[in-house]
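Use the sequences and the hints to build the structure in full.
Listed here are the chains, written in short residue letters.
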Amino acid sequence: MTTLDRLRAVELIALIEEATTPLRHDVRNRIASIRNLSYFVRRKLAVEVVAERDPRVPEFLARVEGEVQRTDDLIDAWGVSVQGLRSSEVQRVRAADCVRLAIECARLPPSVGVEAMSTSESLEIEADLEMLALALRCLLENAGEAAGSGSVGIAALRDESQCIFTVTDRGPGFDNPSRCLERFESSKPGHLGLGLCIARRVASRLGGDLAIGNPDFGAQVSLLVPIAGTRTPPEVES
Amino acid sequence: MTRLLLVDDDESNRVTLSALLEDEGYVVDLAASFSEASQLLSVEPPRYDAVLLDHSLGDGYGSNLIPLIRRSLPKAKIIAMSGSAGGDRIGQIADAELPKGMHFPEFSSRLRAIVE
Chain V
0 MTTLDRLRAV ELIALIEEAT TPLRHDVRNR IASIRNLSYF VRRKLAVEVV
50 AERDPRVPEF LARVEGEVQR TDDLIDAWGV SVQGLRSSEV QRVRAADCVR
100 LAIECARLPP SVGVEAMSTS ESLEIEADLE MLALALRCLL ENAGEAAGSG
150 SVGIAALRDE SQCIFTVTDR GPGFDNPSRC LERFESSKPG HLGLGLCIAR
200 RVASRLGGDL AIGNPDFGAQ VSLLVPIAGT RTPPEVES
Chain A
0 MTRLLLVDDD ESNRVTLSAL LEDEGYVVDL AASFSEASQL LSVEPPRYDA
50 VLLDHSLGDG YGSNLIPLIR RSLPKAKIIA MSGSAGGDRI GQIADAELPK
100 GMHFPEFSSR LRAIVE
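The listed protein sequences correspond, in order, to chains V and A. Residue numbers 0 to 237, in numbering that gives the first Met the number 0, belong to the letters of the first sequence in order. Residue numbers 0 to 115, in numbering that gives the first Met the number 0, belong to the letters of the second sequence in order.
Rather than coming from a laboratory, the hints here were simulated on the basis of the structure. Where a beta carbon is used, it is the ideal one built from N, C-alpha and C, also for glycine. Mixed in with the good hints, there may be bad ones.
[Unchecked claim] Simulated restraints on C-beta separations:
(1) Phe59(V) / Ser41(A): 44 to 50 Å
(2) Lys43(V) / Ser41(A): 33 to 39 Å
(3) Ser121(V) / Pro66(A): 36 to 42 Å
(4) Thr1(A) / Ser160(V): 40 to 46 Å
(5) Arg62(V) / Ala112(A): 27 to 33 Å
(6) Pro171(V) / Thr1(A): 49 to 55 Å
(7) Arg69(A) / Arg55(V): 49 to 55 Å
(8) Arg111(A) / Arg52(V): 34 to 40 Å
(9) Val26(A) / Leu44(V): 22 to 28 Å
(10) Glu115(A) / Glu181(V): 21 to 27 Å
(11) Ala95(V) / Ala112(A): 38 to 44 Å
(12) Ser41(A) / Ala76(V): 40 to 46 Å
(13) Asp58(A) / Pro225(V): 29 to 35 Å
(14) Pro66(A) / Asp53(V): 17 to 23 Å
Structure (structure tokens):
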């Protein structure tokens, strides 16, 4: 499997994860509620007394609890299936390689170019190359759509024990920065609104985070990932 | 008497969980949204022993309430009620995490161990 094929597979899995996570969360909420209701009814009903009148009452209550458990198991099984699809290969990779792969596969409008800045070849992180490239590609594509034309910028810089990938554009900026990390939030027609969520999930999985900046013009999104081997004293950079 | 604040935007969860907790002897106050909880915590809140906090509150995230809870109720335990064990970020910054779907007897026993 080539790197680009693997990146497409990683993208598909990331989309499935992001699209189904809220659904799983909501179903789990309902399961919790039904389970608590059923427990409350069982405790209050004096089931033994009711059973003398109609033995189906405790049986049906048990069925409700059984169905709830089966639904819960299905949700668990779905989560395990998605995890099984994801075979991340975390290893020492160069930040510059992640940036190059992200630029290579980013689907940008024809009138938008990418300006890669300030990425040291010696900067290394522990990551799955394709997964991190996918996160950066999401940021580049968002920036490209927002810019419409001209160029978008990407840089990777070291800041103490972190590598900060920053993507900037000179578009209109975020309408509502506090909502831009919500799933299915997109100001662009035909877009799913999952790009920033995927980037944040990847950052979180690598022990980092995603930060929305507030520049005077355009937008700035930074993906923070720990530098490789930061548990040991950092190397002196030349 | 142990006093709890339950913050959850899901009405059914709020009603059933508070009923079960009250039967266990807790005093339970309810907040149905981020803004309702913020309002309650901003002006001399009762001395809650613990705050049961859902992650997604409709008008905000439970994790963003944590700094206010720490300021208003420095002794209260913050318990994240997650959709799944270890699945939500809020669990990483709260004092403890209890999955919402857990059977109530186990939920209750773990809660007691946290707050008492």
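Which of the numbered hints are not met once you compare them with the structure shown? 10, 11, 14
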